[in-house]
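Trainee: Sequence:
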Amino acid sequence: MKKITLKSENTSIKGFVKLSGSKSISNRVLIIKSLSENIFSIKNLSNSDDTLRLEKALKKIETCRNSSIPLIVDANNAGTVLRFLTAFLSYGDGKWLLTGNSRMKERPISDLVDALEELGADITYASKEGFPPLKICSTKLRGGEISIDTSKSSQFVTALMLIAPLLQQGLKINLEKKTVSQPYIKMTASIMKKFGINLKYSKNCINIFPSEYKVSDYFVESDWSSASYWYELVALCDNSEIKISSLFNDSIQGDAIICDVFSKLGVSTEFLSDGKILLKNISKHENEMEFDATNCPDLVPAIMVSCFAKGIKLSLKGYHHLKYKESDRIQAMLTELSKIGLVHNYQG
925 MKKITLKSEN TSIKGFVKLS GSKSISNRVL IIKSLSENIF SIKNLSNSDD
975 TLRLEKALKK IETCRNSSIP LIVDANNAGT VLRFLTAFLS YGDGKWLLTG
1025 NSRMKERPIS DLVDALEELG ADITYASKEG FPPLKICSTK LRGGEISIDT
1075 SKSSQFVTAL MLIAPLLQQG LKINLEKKTV SQPYIKMTAS IMKKFGINLK
1125 YSKNCINIFP SEYKVSDYFV ESDWSSASYW YELVALCDNS EIKISSLFND
1175 SIQGDAIICD VFSKLGVSTE FLSDGKILLK NISKHENEME FDATNCPDLV
1225 PAIMVSCFAK GIKLSLKGYH HLKYKESDRI QAMLTELSKI GLVHNYQG
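Using our numbering, read the sequence shown as starting at 925 and increasing by one per residue.
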């Protein structure tokens, strides 16, 4: 086997990073824009593949709503896109075949489909029961009250929340089992309120009342999930300093917790007056750390690598839902890190 050795003579890094807008926020605002009857601008939209794919799909859908022939909409490997569009396409007019790549066809979606069918949606599985692709005939959904299992993904809840204001009866969503990625549901609620939606959100229940999305230009703050890899870089490079754009202390992103997490790994965070943050390597770090990934699964890769490289013992819990991502994220990380000496006690 061919081996490649990477060496660095200078481990001190200083610089400025202009991050793209949050993918999670961008995708939610794009759906809201398509559900709104008015036009507004979105600034600092994410340039991620998922967001570009969703934006392209929504434009295609808008021009084909009245087609009598089912239109193929391909989410490829974007779980957010497929889940949001499952609910989005269920409401209104048109016929659709919603599909994705081979991995997407292995990711369960029955909890969302079952909930939509309770509201009157016309959805059938085109191949395997419980999994994409989906045949969807858009219709007027009635709204009401539903219960949904939230132990696999919070995106099912967000998909329902985004269309809920347009339903005649509104929608009451009861959250069953232990909710994963709960900050993403709170993010959705915050954005919807920004656009004038009346809703009440508690730990186990969301009540969304019939209303219309109001026009409001929107600035998308930068992506804390993406920032985690710059935190990792600073953690691993002595005497390093990096500034990152458009990240704020009052962020609606749950992944903003990365500030506190990496303070234990030797990185300080300073919020500057111009909307940037300054990361500094402060050398001192803990020897052991515990992290619960239940609410922030996207932070796991950067945290795992940082702990491994710095010799910090990591106790990771709340990771069961990571196997439902674009890959089995935990297994993939363990496989690759084991190649360079990681010792672990993994209980899958």
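None of these hints come from the bench; they were simulated from the model. Here the structure is a predicted model, which means the values were calculated and not measured. In this text, a Cβ means the ideal position worked out from N, Cα and C, and glycines have one as well. Just to be clear, a hint being listed does not mean it is correct.
Distance ranges between label pairs, derived from CB positions [claimed, not checked]:
id	residue 1	residue 2	range
1	Asp-1017	Ile-1070	35 to 43 Å
2	Asp-1141	Asp-1017	24 to 32 Å
3	Arg-1066	Leu-1021	32 to 40 Å
4	Lys-926	Glu-961	30 to 38 Å
5	Leu-1021	Glu-1136	23 to 31 Å
6	Thr-1063	Lys-983	46 to 54 Å
7	Glu-961	Asn-1163	17 to 25 Å
8	Asp-1141	Ile-1070	45 to 53 Å
9	Glu-1212	Glu-961	48 to 56 Å
10	Ile-963	Lys-984	38 to 46 Å
11	Lys-926	Lys-1117	30 to 38 Å
12	Ser-992	Ser-1135	48 to 56 Å
13	Lys-984	Lys-1204	44 to 52 Å
14	Gly-1016	Lys-1241	36 to 44 Å
Trainee: Evaluate each hint against the coordinates.
Mentor: Now the hints, each set against the structure:
no. : hint                              : verdict
1   : Asp-1017 <-> Ile-1070: 35 to 43 Å : violated (23 Å)
2   : Asp-1141 <-> Asp-1017: 24 to 32 Å : holds (28 Å)
3   : Arg-1066 <-> Leu-1021: 32 to 40 Å : violated (24 Å)
4   : Lys-926 <-> Glu-961: 30 to 38 Å   : violated (58 Å)
5   : Leu-1021 <-> Glu-1136: 23 to 31 Å : holds (30 Å)
6   : Thr-1063 <-> Lys-983: 46 to 54 Å  : violated (22 Å)
7   : Glu-961 <-> Asn-1163: 17 to 25 Å  : violated (54 Å)
8   : Asp-1141 <-> Ile-1070: 45 to 53 Å : violated (33 Å)
9   : Glu-1212 <-> Glu-961: 48 to 56 Å  : holds (54 Å)
10  : Ile-963 <-> Lys-984: 38 to 46 Å   : violated (18 Å)
11  : Lys-926 <-> Lys-1117: 30 to 38 Å  : violated (55 Å)
12  : Ser-992 <-> Ser-1135: 48 to 56 Å  : violated (32 Å)
13  : Lys-984 <-> Lys-1204: 44 to 52 Å  : holds (45 Å)
14  : Gly-1016 <-> Lys-1241: 36 to 44 Å : holds (41 Å)
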